[in-house]
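Given the structure of chain E, go ahead and fit chain U onto it with the hints provided.
So the chains spell out like this:
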Amino acid sequence: MDKQTKIFEILEARNRQDKSLDVSVDAGYTEEEIPAPSPRFEKLINIYYQMKNTIDMEIPYWYNRVWWENEGDVPEIRRAKAYGAALAHTTPTIWPGELLVMNKTKNWRGAFPFPWVDASFFNAQAEALLAEAEAPALAEADRMSVVGAGGGNVTESYGNVVSIAQKFGLRKEEVPILVKISRYWDNCSIEVVTQKYSEAIPDYYKYKAYRDTVLVMFDSWAIPQGREIINYYMPLEYGFDRIIEMCDEKIAEILGLAENGDGLLGMSRGYYYMAMKEITKGLSAWADNYGKRAESLAECEPDPQQKKEYEDIAVVMHNIAHKQPSTFREALQLTFLCHLAVVNEDPQSGQSIGRLGQVLQPFYEKDLEDGTITEEEAIELLELYRIKITSIECFASSGVTGGVLSGNTFNNLSLGGLARDGLTAVTPLEYLIVEAGTRARTTQPTLSVLYDEKTPEEFLMKAARCCKGGQGYPAWMNNQCGMNYMLRHYHDEGMTVEDARAWCLGGCLESSPGCFLPLHYNGKTTWIPGGAAPTAGTGIHFTGLPKLLELVLTNGVDKRTGIKVFEPHNRELKTMDDVWDVWMDYMTELCDISLKVNNIQMDIWRKNNPPVVASLLKPDCFTKGQTLSNMGCRYNSTINFESCGTVTFINAMASLKKNVFDEKKYTLDEMMDALEHNFGFKTAFETGVFSPDRREATDEAVKYEKIFTDCVNAPKFGNADPYVDDLMVHYEDLMTALMPTLKSYYGKPLYMCQISVSTHGPQGAITLASADGRLAGVTYADGSVSPAANTDKNGIYAVFTSATCYDHSRNQNAQMNVKIHPSAVAGINGTRKLLDVIRAYMRKGGFHVQFNITSSKTLREAQKKPDDYRDLMVRVAGFTQYWCEIGKPIQDEVIYRTEYEM
Amino acid sequence: MSAEPTGMIFDIQSYSVHDGPGCRTNVFFTGCPLKCRWCANPESWRPKLQFMFADRVCKWDQGCKACRDACPHGSIQFDENGKPSVDWKICNDCETIECTTSCAAGALKQTVRIMTVSDLVNTLRRDYNNWGSDGGVTFTGGEPLLHHEYLDAVLKECKKLSMHTAIETSGYATEEVFMKIFRRLDFAFVDVKNMDPEAHKWGTGVSNERILNNIRALKRSGWPGRLVLRQPTIHGFNDSDENAKRLIEFMNENGLYEINLLKFHRLGQTKWEQLGKEYEYSDHGDMTPERMSELQDLYLDNNIACYVGDDTPF
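These protein sequences, in sequence, are chains E and U. In this text, residue positions in the first sequence follow our numbering: the first is 1, and each later residue adds one. In this text, residue positions in the second sequence follow our numbering: the first is 1, and each later residue adds one.
Certain hints may be false.
Stretch-level coverage of chain U by chain E, calculated; a stretch enters the list once three of its residues show a Cβ under 8 Å from a Cβ in chain E [claimed, not checked]:
1. 6-16
2. 77-85
3. 123-132
4. 170-182
If you are wondering where the hints come from, they were derived from the structure by calculation, not from laboratory data. For glycine and all other residues, C-beta sits at the position ideal for the given N, C-alpha and C.
Pulled out of the complex, with its shape left as it was, chain E reads as follows (with noise of 0.2 Å):
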């Protein structure tokens, strides 16, 4: 007899009544060991840690003839016709091994860029890129030192490879490939025209310096779409055949016709379904290569396993190239193929898959009472599943794809939540998903809960369980926050309360509206969530908020560049409401100007690059017969405010408020000359840690001790002190006041979306020092409510209550990542106090909360062993990423982070 088993004798001996023990009698209190991945997974991964990250021209060839071959034709159905031919003449490229497949281009791994929205990078570099190209190649020892770290990242140029945006390996042959593409967009790209009509406003040389000194981080034509949920119903519901079909029927009964009256867009629904044929055309013809390629495959396997896995996949791929799906697998190879095919129509991040499980339920319901497939099969084809999207990259500038993504794509899966009927939405397949995502640990899809007090305690057990692996996901959304928050800022556009219900994340922490549709599958009709409506995020992008506090101090000049960026306010600030004014005053100039400029841009791209994919499966673009562009989406107010910062922001306003104003200790100058003197320490770039524990004394150093103490000593975020929390509600009001008199290029109304991505480290890095005693450089804190790095002193419960000290479901999103030690959390009774505490904050209207469960140890050996730690993943900001593959600063923050370890 083992020694629980013996415990449990005596404890029911002894009449001994504990929940915990009812529950735990079968299984003990140590949890079942989780078992290995799936072999193929296990083989394919190992190879996908092999692979590289490359860019590929093809796509870019066929998409740019195509584009230049109807010169003058409507900008929807030029588009399409490009893009369809792009899609139609990728190589399909099928591994050994795999069930699903698919690539965003013909290699594993990798992106391509894309010229007609931003060519001046490549512009610019064309001679140095050719020759490169023309260099000879390095010595094999020179290779492979420079491959050594970084997992896939390729930071610079080796062999046959060049190295693109430090990132990227681009195969030589290929460079005047891209370089001749460029030179066609070099008047007419997204970027460029944005450029020309943002110059015309009269104040765009404050957005330059914005822009020129980091206080705003980049430019929405950068990522266009994401940041959004997809949409798979329609081609689940009809197939692509259909589609075509019914995109004729459209063409025939109103091409040509003006809708009642709309004189302005009526026409456009004639070109719209046009458009949308000439792109279904185009999937259809990429899956049905798959098929071919598979069928050839076939033809010269000898092994005649894998000659039946070929011919597998050649089934699958003709019948969704055509067909509604008649299995789960071929449901989920679907999905997938529409996921490949909007992302690689923009530069995007964050297009998320949405509550998977949910839609894909009625086929795997089907196959498993038709016996066809076995819960095991199921999680095989997941976590295989979790390989592809793990594989989708980003090409963007060097700046979007490191500074601000760390190189993670954000294709978050939402799990959980309500279901049209409100009872919960909980599938037999997101079971699953999570058992699948808790076996095969990789970067992607990150998963998210929708955490509802109806969520089934077996569910949420078993994601808790699943958060132990110490990968970072599942993150906690707080489904009813989420709900309010759409129902309040969806008002207008007529949200009812059944499709707050289809909500979720779009992209790391975006929440999303969506809607329920009805798919007729299996002799039944099951309403399916999906995403709603365009892109939640393109609007003012990451502004620093302790840089716009820091230039409040300034009066409008930049020290670290010299650049003036805002008018001088020449004003005495007495009182802390002083410097309140003044800092809404430079933060509605920002918002303004930055507004005009990202409505320019997103206008442009809307008009010169509609988006086709997208506005095939966005509801209800083809009900409407519009683009997406043209607001064909159910809900349009989606356009979004993004700040940075917050936390160090509030504790620099706490510092300010004691020491300055309320003890007098200082005066405002003198806190001023600390600040630009770095408190007499070296700075983060000085020592090259970004970390808030190191700090290197200069010779100054003594003249700012007192008020260095001073500083860091001040009342921080997250100890349950009202003196500092009430700077938070004060900041949170006047923000959800300012964002309404904002309009989008939709002229809806714009929000807050409190998210810090990995921005954090690079406006940190242009910050001087603050008056919480951030040295200068040093990143700031991350997320919007977790507390700044080890300042948190009263526990978490105080953290949780002074994260809740507003209402969260008033804005987008809230950020609160936690630290825990693995220790606290084994054994089954971890895994339930690991709930226990996700809801005590969930109970309390935390919007979301996230978990890093890895001791400090193990991430500084790993910074130290990046090659001894491939696999190893952490939670970064919204989303996890390899640790290997993340930049310095940020890897400094999250081992920095406070750890709870009990």
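Only chain U this time, still in chain E's reference frame:
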């Protein structure tokens, strides 16, 4: 009317998951009548305001000397490298600890807070929202029973609010105090460090007689709570079969059937140094996992549910 009693608390830890059922808030009292040679929280011995000097987090190596004028008694001195040290002869009697506000690194750290009943109860009320259905508050230390008047007042408020209450105690108090506090407790860990009175006295400075008597009295009283004995298991001190057998006998006599053996650890060592004390268990006392497992079997064979370390069913 007498003033509201105050307690000396050296730490409040939320989301404590190994000190009773569910998720808990641990309240650490300062002051202890025992002086265990292996103690992991030596800063909790004396019931007075005090501080610790953590030279590992001190930023002297980065050129910091911010504490140079912080001590009015001249206790802080710097060596030729600029590394500070404190003179514990001066500091041991200090009641004011001005130095702790001078440090930005947290190296000079105040370890005790004086809290009124309502201070503490308000903190617990805040945390009450987070515990979940199983959790609650655990009073530990130090020795919480040393502050029985204050503790009783806090517990009274906790019970008014229907909080789940637990204690971790050495059990060293008068029977009257012990019984007074326990009537408001749902759950208790009582340490039995050694069954031999002499050995107990050697290890902890006091005999075990009073502790064992308190446990007997508690069981006689029909107290409805759950009592789990705890034993820090230390090689060469209380890890013999003989000691275990005597404890089993004691438990059987008193109808006790749960014990939690905690493998000796050295996590408190740096605190001894930070308090200017010498730590004698720096190189012995370690238990092998095999021996822990043997001891566990010994208890299990005698129908006593024995848990090792954190691996408990609650």
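Practice task
Find the hints from earlier in the document that the structure breaks and name them by number, from lowest to highest.
Solution key: Violated: hints 2 and 4.
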